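*Asks:* Residues per chain, in single letters:
There are 2 protein chains.
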Amino acid sequence: MNILSSDIDSMEKRFRINFINSLPGFKSANLIGTVSNSGIANLAVFSSVIHVGANPPLMGLLFRPVSVPRHTYLNIRETGHFTINHISDYLYKRAHQTSARYPDNVSEFDECGLTPEYTELVNAPYVKEAQIKIGLKLVEEKEIHSNATVFLIGQVEEVILPDSIILEDGVIDIEKARTVTISALNSYHKTELIDRLPYAKTDRE
Amino acid sequence: MNILSSDIDSMEKRFRINFINSLPGFKSANLIGTVSNSGIANLAVFSSVIHVGANPPLMGLLFRPVSVPRHTYLNIRETGHFTINHISDYLYKRAHQTSARYPDNVSEFDECGLTPEYTELVNAPYVKEAQIKIGLKLVEEKEIHSNATVFLIGQVEEVILPDSIILEDGVIDIEKARTVTISALNSYHKTELIDRLPYAKTDRE
Numbered sequence: 001m002n003i004l005s006s007d008i009d010s011m012e013k014r015f016r017i018n019f020i021n022s023l024p025g026f027k028s029a030n031l032i033g034t035v036s037n038s039g040i041a042n043l044a045v046f047s048s049v050i051h052v053g054a055n056p057p058l059m060g061l062l063f064r065p066v067s068v069p070r071h072t073y074l075n076i077r078e079t080g081h082f083t084i085n086h087i088s089d090y091l092y093k094r095a096h097q098t099s100a101r102y103p104d105n106v107s108e109f110d111e112c113g114l115t116p117e118y119t120e121l122v123n124a125p126y127v128k129e130a131q132i133k134i135g136l137k138l139v140e141e142k143e144i145h146s147n148a149t150v151f152l153i154g155q156v157e158e159v160i161l162p163d164s165i166i167l168e169d170g171v172i173d174i175e176k177a178r179t180v181t182i183s184a185l186n187s188y189h190k191t192e193l194i195d196r197l198p199y200a201k202t203d204r205e
Numbered sequence: 001m002n003i004l005s006s007d008i009d010s011m012e013k014r015f016r017i018n019f020i021n022s023l024p025g026f027k028s029a030n031l032i033g034t035v036s037n038s039g040i041a042n043l044a045v046f047s048s049v050i051h052v053g054a055n056p057p058l059m060g061l062l063f064r065p066v067s068v069p070r071h072t073y074l075n076i077r078e079t080g081h082f083t084i085n086h087i088s089d090y091l092y093k094r095a096h097q098t099s100a101r102y103p104d105n106v107s108e109f110d111e112c113g114l115t116p117e118y119t120e121l122v123n124a125p126y127v128k129e130a131q132i133k134i135g136l137k138l139v140e141e142k143e144i145h146s147n148a149t150v151f152l153i154g155q156v157e158e159v160i161l162p163d164s165i166i167l168e169d170g171v172i173d174i175e176k177a178r179t180v181t182i183s184a185l186n187s188y189h190k191t192e193l194i195d196r197l198p199y200a201k202t203d204r205e
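First to last, the protein sequences are chains A and B.
Using our numbering, you'd call the opening residue of the first sequence number 1 and step up by one each time.
Using our numbering, you'd call the opening residue of the second sequence number 1 and step up by one each time.
FYI, nobody ran anything at the bench for these hints, they're computed from the structure.
From a predicted model like this one, the values you see are computed outputs, not experimental measurements.
Incorrect hints may appear among the rest.
It does not matter which identical chain is used: a pair holds within one copy or between any two.
As the list claims (entries may be wrong) - Under the rule of at most 25 Å between Cα atoms (straight-line distance), these lysine to aspartate or glutamate pairs were calculated in the DMTMM-like manner:
id: 1; residue 1: Lys-128; residue 2: Glu-111
id: 2; residue 1: Lys-93; residue 2: Asp-169
id: 3; residue 1: Lys-176; residue 2: Asp-195
id: 4; residue 1: Lys-201; residue 2: Glu-168
id: 5; residue 1: Lys-93; residue 2: Glu-168
id: 6; residue 1: Lys-142; residue 2: Glu-175
id: 7; residue 1: Lys-13; residue 2: Glu-140
id: 8; residue 1: Lys-128; residue 2: Asp-203
id: 9; residue 1: Lys-201; residue 2: Asp-104
id: 10; residue 1: Lys-93; residue 2: Asp-104
id: 11; residue 1: Lys-128; residue 2: Glu-117
id: 12; residue 1: Lys-128; residue 2: Asp-89
id: 13; residue 1: Lys-93; residue 2: Asp-173
id: 14; residue 1: Lys-201; residue 2: Glu-129
id: 15; residue 1: Lys-201; residue 2: Asp-163
id: 16; residue 1: Lys-93; residue 2: Glu-141
id: 17; residue 1: Lys-201; residue 2: Glu-111
id: 18; residue 1: Lys-13; residue 2: Asp-110
id: 19; residue 1: Lys-142; residue 2: Glu-78
id: 20; residue 1: Lys-190; residue 2: Asp-173
id: 21; residue 1: Lys-93; residue 2: Glu-192
Generate the whole structure from the sequences, applying the supplied hints.
*Replies:* Structure (structure tokens):
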């Protein structure tokens, strides 16, 4: 069937949110760790983390204008740091629970049964229970005028992971780390490798 | 193990690209369809499509500065339109092949065994073989100064999909559509649903 923009406009709000959130396909599943100047550690699920560049090593993620994970954004602005922690299959329930609306003075780590872990380099908490953890410093942010969201870019300062999952060519075997993927807003999926393809070439090469 | 930014800097180039591309987790797997003013249909794999907003319905994706999929970006600038087509398990080999460096006057559709399909609303080709197809118009672009990439935002004009995969609450069952997910640069994975969780609430609610 063909669904036009006028059909989308007339969808019931929650239906439309679910529908449009399904459109990009499978998404990355991460917990973003931050801390406020007053020392309260914050944790929030994000499915918008993408690769921005390898040299310098940059990741980007999108922030909604005023809705749920506002603390995360404010903390990053205050401290200049955040962490990205892969959500694994044994973590997804606790991870999802961080999206509940806890009061300002409460840490999602405590409420959701996860453990903050700090290193000297990054002023933001890692999730101790995660297999793959990335510490970043804020380097840039771009406001999207169309809907007042913010695309924020961080530079990788530190990566913490088991060395056994780094393959010979530098690829990290994230399936072995039991990293999950999200579809729509709240569906968690595990994965099974189909194929690793070589760099594509034309018949002419 | 802890890998510091100085360790990343000293990685061999291809190793670093694979490593950093693995860090975000699983990514969306899409073919972006465009057409040049001279009528040559272009198709390119992107793993950076993310949800930007539901009202208006917006998707974003990241373009590398000068490297491979340059035609896609130029075509979008020319026509103002592009399509996003989910890569399914029966499509991934042909999809991956579009990333080979074909000459300007050649269409990846012809070279990779895929069929362009047009509607009246969108001046860009859909992939006929795809299950889930989204037509968009360009609404905004943001240059990331840190590495001269471009984050481009499109507004959804049209969605073409089987109505049998739209669930009662608006979620699209993309697993049923056999949509795959990408890790690193070239690993394709199928998925298996673990759980769909309800909207998270605190004990206080």
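*Asks:* Could you run down the list of hints and mark each one as holding or not?
*Replies:* Hint check:
no.: 1; hint: Lys-128 / Glu-111; in the structure: within (15 Å within a copy, 48 Å between copies)
no.: 2; hint: Lys-93 / Asp-169; in the structure: between (33 Å within a copy, 21 Å between copies)
no.: 3; hint: Lys-176 / Asp-195; in the structure: both (15 Å within a copy, 19 Å between copies)
no.: 4; hint: Lys-201 / Glu-168; in the structure: within (22 Å within a copy, 43 Å between copies)
no.: 5; hint: Lys-93 / Glu-168; in the structure: between (33 Å within a copy, 23 Å between copies)
no.: 6; hint: Lys-142 / Glu-175; in the structure: neither (32 Å within a copy, 32 Å between copies)
no.: 7; hint: Lys-13 / Glu-140; in the structure: between (32 Å within a copy, 24 Å between copies)
no.: 8; hint: Lys-128 / Asp-203; in the structure: between (48 Å within a copy, 24 Å between copies)
no.: 9; hint: Lys-201 / Asp-104; in the structure: between (53 Å within a copy, 15 Å between copies)
no.: 10; hint: Lys-93 / Asp-104; in the structure: within (22 Å within a copy, 48 Å between copies)
no.: 11; hint: Lys-128 / Glu-117; in the structure: within (6 Å within a copy, 49 Å between copies)
no.: 12; hint: Lys-128 / Asp-89; in the structure: within (15 Å within a copy, 35 Å between copies)
no.: 13; hint: Lys-93 / Asp-173; in the structure: both (22 Å within a copy, 20 Å between copies)
no.: 14; hint: Lys-201 / Glu-129; in the structure: between (41 Å within a copy, 22 Å between copies)
no.: 15; hint: Lys-201 / Asp-163; in the structure: neither (31 Å within a copy, 37 Å between copies)
no.: 16; hint: Lys-93 / Glu-141; in the structure: neither (30 Å within a copy, 36 Å between copies)
no.: 17; hint: Lys-201 / Glu-111; in the structure: between (51 Å within a copy, 11 Å between copies)
no.: 18; hint: Lys-13 / Asp-110; in the structure: neither (32 Å within a copy, 41 Å between copies)
no.: 19; hint: Lys-142 / Glu-78; in the structure: both (17 Å within a copy, 24 Å between copies)
no.: 20; hint: Lys-190 / Asp-173; in the structure: both (14 Å within a copy, 15 Å between copies)
no.: 21; hint: Lys-93 / Glu-192; in the structure: both (20 Å within a copy, 16 Å between copies)
The earlier numbered hints that this structure contradicts are 6, 15, 16, 18.
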